[in-house]
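K.L.:
Top to bottom, those sequences are chains A and B. Everything in the first sequence is counted per our numbering, starting at 1 for the first residue and increasing by one. Everything in the second sequence is counted per our numbering, starting at 294 for the first residue and increasing by one.
Quick caveat, the hints were computed from the structure, so don't treat them as lab data. Ideal placement from N, C-alpha and C gives every residue a C-beta, glycine not left out. Hints are supplied without guarantee of correctness; some may be wrong.
Facing chain B, from chain A, some residues (calculated, C-beta under 10 angstroms) [what the hints assert, rightly or not]: (1) A44; (2) E59; (3) L61; (4) F256.
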Amino acid sequence: MKRSNFGSPWLPYVLVAPQVLVTIIFFLWPAGQALVQSVESQDAFGFSTHFVGLANFRELLADPRYLASFRTTVVFSAWVTISGLVISLVLAATANRVGKAKVFYQTLLIWPYAVPPAIAAVLWSFLFNPSLGVITYALARFGIVWNHAINPGQAMFLVVVASVWQQISYNFVFFSAGLQGIPKSLTEAAAIDGAGPLRRFFDVVMPLLSPTTFFLLVVNIVYAFFYTFPIIDAATGGGPVQATTTLVYKIFFEGFQSFDLGKSGAQSVVLMVIVIGLTVVQFRYIERKVQYG
Amino acid sequence: MIRRFLCLALTVAILTVGVPRPVKAAPIEIQFWHSMGSQLGIYLNDIVDKFNASQSDYKIVAVYKGTYDQSMAAGIAAYRAGDAPAILQVFEVGTATMIAAKQAVIPTWEVFQKSGVPLNESAFIPTIAGYYSAGTPPHLVSMPFNSSTSVMYYNKDAFQKAGLDPNKPPKTWDEVAADAAKLKASGMPCGFTTGWQGWIQLEQYSAWEGLPYATGNNGFDGLNTKLVFNGPMQVKHIALLQKMVKDGTFTYVGRKDEPTPKFYSGDCGMLMESSGSLGDVVKYSKFKYGEAMMPYDPIKGAPQNAIIGGASLWTLSGKSPEVYKGVAKFFNFLASPDIAGLWSGETGYLPITKFAYANLQLKGFYNTHPEIPIQQMLLHPPLPWTRGVRLGNMPQIRTVVDEELENVWSGKKSAKQALDDAVSRGNELLRSFQAANGG
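Using the sequences and the hints given, assemble the complete structure.
P.N.:
Structure below.
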């Protein structure tokens, strides 16, 4: 590594200060607050605050419905991450092969990312609305009754579709960029050696794409864990029963709709621990298999 | 250079001398955060403008802060940060939270009293004022503003087609079941549906039957309260609805307002929904519809009276007495027969005072608009346990009820089992609210 020379000893600190400040104000401080709240019982306005130790956590872990939301979260996140990555990779690979109008396809595929998540959820729940959804009517013609208000599988499908639809655009951008960074000579050499298109894709392109795939895997899991509550709130409200109540939706509901800050804080801490753990696992074990060219 | 200097000098001169100001002091600004979106927001702003134009001492600044839960969260966060509005609109399920926050709110009666503005509490509709009153003797703690109740809408054309009398909507739940079956037999995909199942099929149902929803007069007596909506009548009622789901005569399509389109699209023959849904029904129905009172199960004392939903206006503490004087004047303005009548007439919310109601009657408003919602409220003077449901952690309790009822509709649980489970889960939430609020 070359040591950069800034000319002044404090200039580098000044330059990173904004980022450090942002991290402290928007991450460390709220995370600290959540830690404090998780061991307290507090009314909505914060007038009476009692220290309750680990009571919030005990209550959570004794609640079968909270434990069930772990399972829901795993299922939901797996669907969102895997289908999001696979679909966008297929789209990126095919868009990359298109000769004409490549930019046109790429623009169309990136477009959904500009739609705010809550709007995306409303849009999809309109299409699948049990009362007047266009898709509901279409499905009814084939004898399929669509009612995600009462059918847990359909509700899960709906929130996964709405979440993935947006994330595909994001993944697509990165996969496209990654694909363009793969030297043509490598695939050509493989072709000359007699490898078919599929073989070339799996044995040459995929390994070279692994840094991108790994990055997207982390980002997508974090997305599914943290950023999907507006979609769930707008599409299903966590129902039917608790079929689409994920960990983050529960936090949002209990903190911001019910003002139960203690329980919401405890759940945030649990979620924080899970995601930190997941990220560590990803970087320690999965990253080893990643080839950074 | 000289030119630049001249420019600067001129700017300084204008800034120091200033444009001629009116001699009178600027009006005191009063922040009012609310959740009245789209058309309702336009009506509300119109009323606020009328108040601001009617006097020059105060200026109400109405700010739309999103849905009810969003504006409540924003109001609480702002209060904790020391930057709260003077007036905050809070939905009815947040009422217990606001009452428990004694230091954060100034009771409405006190706002009036300290400002020297007379408040005639007996002018309000009892079932509305009763919900927002606390203490012994009870006084208004928040200002009633937009209250709705639930009613039954039915498709007259479909009734005709099914061989039913379009001018005879079902009165009892047995008749609902029978009519729904006939509608279904006439080829309708869905006989009956309901929105807001927890509010309408349990809270309203209990009050309408004259039964308590929770001990301690539905939470009006304090935080030490237990849910009792798993009584034999409620179980019987939910079991009937479960049977209707099984027969295909009741179609469940969602927890909130999702069923309304199912009605106005002509799929469902009967709909129970908020009286505030009338606007949508009027706008989108391509058939003759009717509005009817909620059905009941014939037991002694039923039907009793309906209860309200909607929201009220809370006064938050920490402002100067001058501000509260303005708040009292604004509230007084809202309760005046003309303004309360105007608001009710435009929006379909219930008139909040008897004078506003009389005013609307005099003007012949009910010749063209349904009078049923207000009639349901005034059917009988409320019993101590039919003034509404005022429980802590109510948003969570509603969700628990939603979840357990969905277990009934999908056939996973019997009505009895689901209501018992909802009661025991809800009681835990009540205990944790009690603990958090030092009860």
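K.L.:
Was the hint right that F256 of chain A lines chain B, CB cutoff 10 angstroms?
P.N.:
holds, 5 angstroms
K.L.:
Is the shortest C-beta separation between E59 of chain A and chain B less than 10 angstroms?
P.N.:
holds, 8 angstroms
K.L.:
Against chain B, with CB atoms and a cut of 10 angstroms, does the hint on A44 of chain A hold up?
P.N.:
holds, 5 angstroms
K.L.:
Should the interface hint for L61 of chain A be scored as holding, given a Cβ-Cβ cut-off of 10 angstroms against chain B?
P.N.:
Result: violated, 15 angstroms to nearest chain B Cβ.
Hint 3 alone, counting from the list given before, is not met by this structure.
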